[in-house]
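Student: Sequence:
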Amino acid sequence: MRNKRGYFKFFSKKGGIIMKKIVSTFVKIAVVAMTAAVLMPATLTSATPINHSGYGQNITDNKLEIPKEIMLRNGLVSENVGEKGNFVTPEITFTYAITPATVQEGTIVTDASNNKTMHVKPGVAAAVTLGNDGQVAFTHSGQQVANSETISGTIVVNIDPSAFPAPGVYRYFLDDTTPISTLYATGIIRTRNTSTVDAEGQTVDSTSDERVYVEDRYLDIFISEDNGEKSVSGYVLMKNNPTNNTAGNILKSEGFTTTDASGYDSYRNYFGRVSKVVAGGMGDKTHPFPFTINIDNAGAPFYCGKDPTSLTYTETTPYSNTINLRHGETFYIQGLNPHAKITYTETNDTNETYLVKARVDDGSSNGTLLAGGDNHEVAPNGTLTVAQFPVSNYDENNTETHVGTTATINPNTRVIFTNTIRAISPTGIILRFVPFVILLVFAASILAFSYKTKSKNKSVRSI
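By the working numbering, the letter at position 412 of the sequence shown is numbered 412, and the numbering carries on one by one without gaps.
Each hint can be trusted.
Here are the simulated DSBU-like pairs of lysine-lysine, each with C-alpha atoms no more than 35 Å apart in a straight line:
#: 1; residue 1: Lys68; residue 2: Lys230
#: 2; residue 1: Lys285; residue 2: Lys357
#: 3; residue 1: Lys252; residue 2: Lys121
#: 4; residue 1: Lys63; residue 2: Lys230
#: 5; residue 1: Lys116; residue 2: Lys68
#: 6; residue 1: Lys252; residue 2: Lys63
#: 7; residue 1: Lys252; residue 2: Lys116
#: 8; residue 1: Lys63; residue 2: Lys121
#: 9; residue 1: Lys252; residue 2: Lys68
#: 10; residue 1: Lys357; residue 2: Lys84
#: 11; residue 1: Lys116; residue 2: Lys63
#: 12; residue 1: Lys252; residue 2: Lys230
#: 13; residue 1: Lys116; residue 2: Lys230
#: 14; residue 1: Lys84; residue 2: Lys306
#: 15; residue 1: Lys84; residue 2: Lys252
#: 16; residue 1: Lys306; residue 2: Lys285
#: 17; residue 1: Lys285; residue 2: Lys84
#: 18; residue 1: Lys121; residue 2: Lys68
#: 19; residue 1: Lys306; residue 2: Lys357
#: 20; residue 1: Lys84; residue 2: Lys68
#: 21; residue 1: Lys230; residue 2: Lys121
Derived Cβ-Cβ restraints for the label pairs, each shown as a range:
#: 22; residue 1: Thr150; residue 2: Asp374; range: 41 to 47 Å
#: 23; residue 1: Thr312; residue 2: Thr343; range: 18 to 24 Å
#: 24; residue 1: Lys285; residue 2: Pro179; range: 52 to 58 Å
#: 25; residue 1: Glu329; residue 2: Leu369; range: 20 to 26 Å
#: 26; residue 1: Thr117; residue 2: Glu91; range: 42 to 48 Å
#: 27; residue 1: Lys63; residue 2: Ser141; range: 24 to 30 Å
#: 28; residue 1: Pro318; residue 2: Gln143; range: 19 to 25 Å
No wet-lab data here; the hints were simulated from the structure.
Computed from a prediction, not measured in an experiment: that's the story for all the values here.
Glycine included, C-beta positions come from ideal geometry on N, C-alpha and C.
Required output: the full structure, derived from the provided sequences and hints.
Tutor: Here it is, written out as structure tokens:
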């Protein structure tokens, strides 16, 4: 029994030591587990993408596509020619640059759906680049365009998730670096901000200087990590650099689009036409009068021709051509650049002298007279020129440092030339009829004298 008690005593003593070790091991495991449990939420917070409704849907193969749009305005359609009209899109290359943004310490983003927050870090320069060297190119294209349509290009943002040091939210500065002089040369109008709220959410008066085109955007890129592999989980594009951005608020931007309240770029086409009218009883309405058309369209193509339903797309610029117009015919010019200028010259290649006047074709008979006034006597082989007119007042309102003023069409590019020869009396009418008139008057005088003499003789005999 003693041995048994000794055995149990020994076993109990040794068992206690073992149990202590077991308990100690479990305690260590529990501490590790608790530590992991404490640290895990932070890791998950960084790795779990914040839900930004409507954003991040067009990230494919670590490429983010941000739209760049131009609003097309067709002045031809506003002249009631139909729902669509001939249009030539602008040729221009917009340029952009992306750099890590300066982020104020303590800047956070907040998901409005669950109040989850994360601190924002400055972007990593090597992790993000722009495709096509940051260029978005548009080229000339002839097409049918309504009064308000858009064309779109894409700013490609290439993202290398592995270049980020850790999961998190990284902010970048996306800058429109397109020179204003480039916009001016193309004829772009940079439409001002239409929002009544500024970047900080404050109400802005309609005349406030804050309501200008916003050239810059800020881009938050969300990086998550799963099993040691980083990936892009979302993004938010904003028009300012907020310290507290709540998902769904007014600071967001869809891109450089025509619907963005930050303003947009627009481009308008213009047109001209010259018509022929022959008036007067002696004017020859079958004669084709030569017209020389000179067009400086700032290097851009346009449409021209006599049949408005099938005009020719013309890439020759500057353009100079001589066409013939008979009474009732018109030469149409459409799809012109805002800088375009037109000159019309008519030549009188007949043997007659015409009275010629040029006036604005405004749909009435009282259009403004051009070329210095009313009827000009144009002798055979003489000419009448309507001076070079700009098609719009774009150059009057905009410069190489300012392209924010809308332009209107110059009505002087729509001209009617009226040639008149009035009906005249037949040649020699005076020579043929005057002798007979004289004889008739002489005969009447003789008869009258004879009558008076006879009457006098009767009076004498009656005495």
